[in-house]
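Spelled out, the chains give:
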Amino acid sequence: DSGVTQTPKHLITATGQRVTLRCSPRSGDLSVYWYQQSLDQGLQFLIQYYNGEERAKGNILERFSAQQFPDLHSELNLSSLELGDSALYFCASSVGTGAETQYFGPGTRLLVL
Amino acid sequence: DQQVKQNSPSLSVQEGRISILNCDYTNSMFDYFLWYKKYPAEGPTFLISISSIKDKNEDGRFTVFLNKSAKHLSLHIVPSQPGDSAVYFCAASAPRGSTLGRLYFGRGTQLTVWP
Chain W
1 DSGVTQTPKH LITATGQRVT LRCSPRSGDL SVYWYQQSLD QGLQFLIQYY NGEERAKGNI
61 LERFSAQQFP DLHSELNLSS LELGDSALYF CASSVGTGAE TQYFGPGTRL LVL
Chain L
1001 DQQVKQNSPS LSVQEGRISI LNCDYTNSMF DYFLWYKKYP AEGPTFLISI SSIKDKNEDG
1061 RFTVFLNKSA KHLSLHIVPS QPGDSAVYFC AASAPRGSTL GRLYFGRGTQ LTVWP
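As you go down the protein sequences, you meet chains W and L in turn. Counting in the numbering used here, the first sequence runs from 1 upward without gaps. Counting in the numbering used here, the second sequence runs from 1001 upward without gaps.
In case anyone wonders, no lab produced these hints; they're calculated from the structure. Remember, predicted model here, so these are calculated numbers, not experimental data. Errors might be hidden in some of the hints.
[Said to hold, decoys possible] Distance condition first, Cα-Cα at most 25 Å in a straight line; then the derived SDA-like pairs of lysine to any residue:
(1) Lys1071/L x Gly1016/L
(2) Lys1071/L x Phe45/W
(3) Lys1005/L x Ala56/W
(4) Lys1068/L x Ser1051/L
(5) Lys57/W x Pro106/W
(6) Lys1071/L x Glu100/W
Can you build the whole structure from these sequences, using the hints too?
Encoded structure:
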């Protein structure tokens, strides 16, 4: 158990809908990262928050947004969902930012029908 | 652009033998490297890491070697056990304070250890 929790574990929804994925980092970690893993892709970095502020952005679509709250939990919002958004979404956390170990949650499996 | 590459999608090794997983990178700014292990339907689990100031780091049965000049790292598992069967991801990170602090992942190598 990494100490990072993610909910829900599974999510099935329809095209055009909006969903919210939630992540709670390990106790003491200030950074939260979101990654997407599709069938034909490796783990792709989406976005990083550090202590409530956006720190880095990767290949995140404009239809996707995230935030980190004062209690350090984070939410990833996916809107106008398309079939191609079906993937595993992982959250990771670390103490600071930069070159250090990130600990991953169990992931949310999203299926868009 | 894949900055971290794992060119072997799969590796099959007999129990008790050595498993060697390889990883290459292209970005010379990377200075911290990690290996993660992933079972199906679970998140990646941190295994071992190495900083660019070292060329070797060992933790029990796992040893990571780093060759900076060749931009290559490898993970050695000795002896391999059936429970080691999983997908292994190599990841790299750039210096602290940079916006490149995120992890760049390879596509993974499926290791199968057979009895």
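Here's how the hints hold up against the structure:
no., hint, verdict
1, Lys1071/L x Gly1016/L, "violated (29 Å)"
2, Lys1071/L x Phe45/W, "holds (22 Å)"
3, Lys1005/L x Ala56/W, "holds (22 Å)"
4, Lys1068/L x Ser1051/L, "holds (11 Å)"
5, Lys57/W x Pro106/W, "holds (22 Å)"
6, Lys1071/L x Glu100/W, "holds (19 Å)"
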